[in-house]
Amino acid sequence: MAFDKMELRDIEVWDGNFAAAQALRQAQVDVVAAYPITPSTPIVEGYAKFKADGYVEGEFVMVESEHAAMSGCIGAAAAGGRVATATSSQGLALMVETLYQASGMRLPIVLNIVNRALAAPLNVNGDHSDMYLCRDSGWIQLNAFNAQEAYDLNFVAFKVSEDHDIRLPAIVNQDGFLTSHTAEGVKTLSDDDAYGFVGDYKPMNDMLDLDHPVTHGVQTEEDWHFEHKARQHNDLMVKVLPKIEEAFADFENLSGRKYNLVEKYDMDDADVVVVCMGSSVETAREVALEMREKGIKAGVLGLRVVRPFPFMEIAEALKDVKAIAALDRSSPNGAAGMLFNEIAGALINIDTKALLSGYVYGLGGRDLTKAHLTDLFTELQANVDAGKLTTKQQQFIGVRGPKLSFL
Amino acid sequence: MLNKGWDEFEIGAMLRSFDGPTSNIATTLQEDRPYSQSNSFTASVADWRIEKPVFNKDYCIDCQFCWIYCPDMSIISRDKKMIGVDMDHCKGCGICVEVCPTNPKSLLMFQEKEDEDTVLAAWPEKEDKEK
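Protein chains in written order, with the working numbering: chain Y, 1 to 407; chain H, 1001 to 1131.
Calculated directly from the structure, the hints in this document are not laboratory data. Fair warning: this is a prediction, and the values are worked out from it, not measured in the lab. Check each hint, because a few of them may be wrong.
Which stretches of chain H does chain Y cover? Using the computed rule of at least three CB atoms under 8 angstroms from a CB of chain Y, they are [claimed, not checked]:
| id | region |
| --- | --- |
| 1 | 1003 to 1016 |
| 2 | 1046 to 1060 |
Here are the computed lysine-lysine pairs in the DSS-like style, where the Cα-Cα straight-line distance is at most 30 angstroms [to be verified]:
| id | chain 1 | residue 1 | chain 2 | residue 2 |
| --- | --- | --- | --- | --- |
| 3 | H | K1004 | Y | K243 |
| 4 | H | K1091 | H | K1113 |
| 5 | H | K1004 | Y | K202 |
| 6 | H | K1004 | Y | K229 |
| 7 | Y | K239 | H | K1004 |
Beta carbons: idealized from backbone N, C-alpha and C, even for Gly.
With the hints as extra help, turn the sequences into a complete structure.
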């Protein structure tokens, strides 16, 4: 192939965006159709530079909108190429219509979402509103807590997404700025090892197979639509999580880095547990250790796979816990939070007396501090001691003004 | 195909044009192509036509204009001889009539319900055109 390999040090100092761009290079993505938006721009910019410098053999298509970006990706994936792009926030919102096309057409595309708040008011900083926006879109959603994981999970995303038993697009989420623009040590794979893990792209029903002409993106009405959606849901529910676990095992063999559907930190004997996503997991882990020094048996559950939701694994991990906090970094706007709802669903039919409370935090990039989490763990312990919730079921953390609590 | 369950079809909003592999499909006549059941060629997609073209072979000069201009490949022509109109696919747009150069025209539009033999018997005479 006509491209140069890149010599990487064992550990490079990369931010989350550059780590993702390097992963796209090492996977030798054929087509990136992209439109820039903060804070995800450096990912596609990085791929474009690698291509311009001869480190990747592919096409970079600069389009007129995010809707067109994902549409270009869909066309390229249907044609039979390895495809990826990146976006954030409003860009993702414009892309949503095509996200459902991609998953319904069962096209493997890897989308890096650098999580950012949704306007109004306009805001470029990190929260999980955009991640939540497309949670029912039929895409696989992986969640990185730091730059290393943003790098690693891209490889896993290609491997799972392109598998012929799966053929579903995959999102890799990372926190805007907190992960995407924070430089940290990232352990690298060699170009050969990385490409070997992902493997050559194996086309399926591709439009460029002229001996087997196909029509992609057909219309179905009440006679067929339901069967297609049922098949897609079945495959997400039944096939994807085992395939992700298989890919995690292969990745551990290659890199020594172990990933799980849900990441358990100090969970073995935990009484009080925070469940969260993104970079907050790392802060919560640190605070949990400090709480243990104070005699509170604190643990953290980090959600590695957001969709398909690891319902059974969550139930198993939380079955012996006494008080659980579900942290949602997105305004539910008139409901309990997504994590609160999903966790409540996972626990309702098992033999647990766990007290579940929901917290909305960090909107628009507002910091979740160690002090917030110390108070939170302390509150959970108070719930345990009282044997009931001492607060309302939904609270806001870190917002100015009179305390907000609901339900 | 209509009664297949959710687990019995190929994934994706994708349909195969032909049963099995094909080659040189562009030079294979439609009637000889292995169209699949899911190909629209095997279905009638003309039920919303309200006017239909009627072909009168007595005046046709086989110029192939209608065949070239038809947006739905509904003009049947073999060995450069006009044979007729594929009424399972014709939408009744009237473009074939518009481009027909003969005098009188060899294709004319009629209401869908009109009888073909009757309109052929009452076909218009040649028009005198000013020189």
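Hint-by-hint comparison with the structure:
Here the region 1003 to 1016 of chain H counts 12 residues with a CB under 8 angstroms from a CB of chain Y, which clears the bar of 3, and the coverage holds. By the rule of at least three residues with a Cβ nearer than 8 angstroms to a Cβ of chain Y, the coverage given for the region 1046 to 1060 of chain H is violated, with 0 such residues. Distance restraint check for K1004 of chain H and K243 of chain Y: the Cα-Cα separation of roughly 27 angstroms lies within the 30 angstroms cut-off, and the hinted pair is therefore satisfied. A threshold of 30 angstroms between alpha carbons decides the hint, and for K1091 of chain H with K1113 of chain H the separation of about 15 angstroms falls inside it, so the pair holds.
With a C-alpha separation of about 27 angstroms, the suggested pairing of K1004 of chain H with K202 of chain Y holds against the 30 angstroms cut-off. In summary, the hint linking K1004 of chain H to K229 of chain Y is supported, as the alpha carbons are separated by about 14 angstroms, within the 30 angstroms threshold. Straight-line distance between C-alpha atoms of K239 of chain Y and K1004 of chain H comes to about 21 angstroms, which keeps the hinted pair within the 30 angstroms bound.
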